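Colleague: Below are the chains, spelled out letter by letter.
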Amino acid sequence: DGGITQSPKYLFRKEGQNVTLSCEQNLNHDAMYWYRQDPGQGLRLIYYSQIVNDFQKGDIAEGYSVSREKKESFPLTVTSAQKNPTAFYLCASSPEGDTQYFGPGTRLTVL
Amino acid sequence: GIQVEQSPPDLILQEGANSTLRCNFSDSVNNLQWFHQNPWGQLINLFYIPSGTKQNGRLSATTVATERYSLLYISSSQTTDSGVYFCAVDQGGSEKLVFGKGTKLTVNP
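For the protein sequence lines, the chains are A and B, in the order given. Residues 3 to 113 in the numbering used here are what the first sequence lists, from first letter to last. Residues 2 to 110 in the numbering used here are what the second sequence lists, from first letter to last.
Keep in mind that the hints were calculated from the coordinates and are not lab data. Accuracy of the hints is not assured; some may be wrong.
As the list claims (entries may be wrong) - Pulled a few chain A residues facing chain B out of the computed Cβ check, cut under 8 Å: (1) 41; (2) 44; (3) 50; (4) 107; (5) 112.
What you are looking at is a predicted structure, and each value in this text was computed from that prediction instead of being measured. All C-beta atoms in this analysis are idealised placements derived from N, C-alpha and C, irrespective of residue type, glycine included.
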């Protein structure tokens, strides 16, 4: 099946730990994106990548890091520097000049 | 940066009713998209509509770019239409989307 997968679905983290969220797509899309959603809010862009080995900061990049070593994969690391990481994280991909397609999301909770 | 405002923030309907959701944006845009987020969090694309009108079944959307707004029409609503509807815009170049805060729709049987 073609699509975007995110794992894990739920993730619990202790304060001070780094965690990595996975995002994989087999749609052959060049661009990939990470968004954060807080309760009752819209999505805010964390990082995006339009091509392999290149990525750009979005509006709320502080405390996060990404890599884009393969076209299919765009993992997001939530570092201990992110002060309020509890949120719903959504990954998306898109072909050039077209709509974005979203994965099912990862709910991160800091204990 | 560009501002995206959606109204109403909440909407409660009886099954079978029609509704109109509005999205206003503060600057010119390269494209505009409507999404539906179901109760489990999955976002589904509804329309990619920088201008003009599109229809898909019971849903249709109109964007008037010169007046900086878009409307999403839902006719004969069903309980499965419940969820949050988001409008998102991009101003060109990087295809970065800026989202509104959404309209939460509840359709009661």
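Colleague: If a hint holds in the structure, say so; if it does not, say that too.
Modeller: Status of each hint after checking the structure:
Hint status for residue 41 (chain A): violated, given a least beta-carbon distance of 11 Å to chain B, over 8 Å. About 4 Å separates the beta-carbon of residue 44 (chain A) from the nearest beta-carbon of chain B, less than 8 Å, and the hint is met. For residue 50 (chain A), the interface hint holds, since its Cβ comes within 8 Å of a Cβ in chain B; the closest pair sits about 6 Å apart. Annotation: residue 107 (chain A) was flagged as interfacial toward chain B, and the flag holds, the nearest CB pair being 5 Å apart, inside 8 Å.
About 18 Å separates the beta-carbon of residue 112 (chain A) from the nearest beta-carbon of chain B, more than 8 Å, and the hint is not met.
Checked against the numbered hints above, the structure violates hints 1, 5; every other hint is satisfied.
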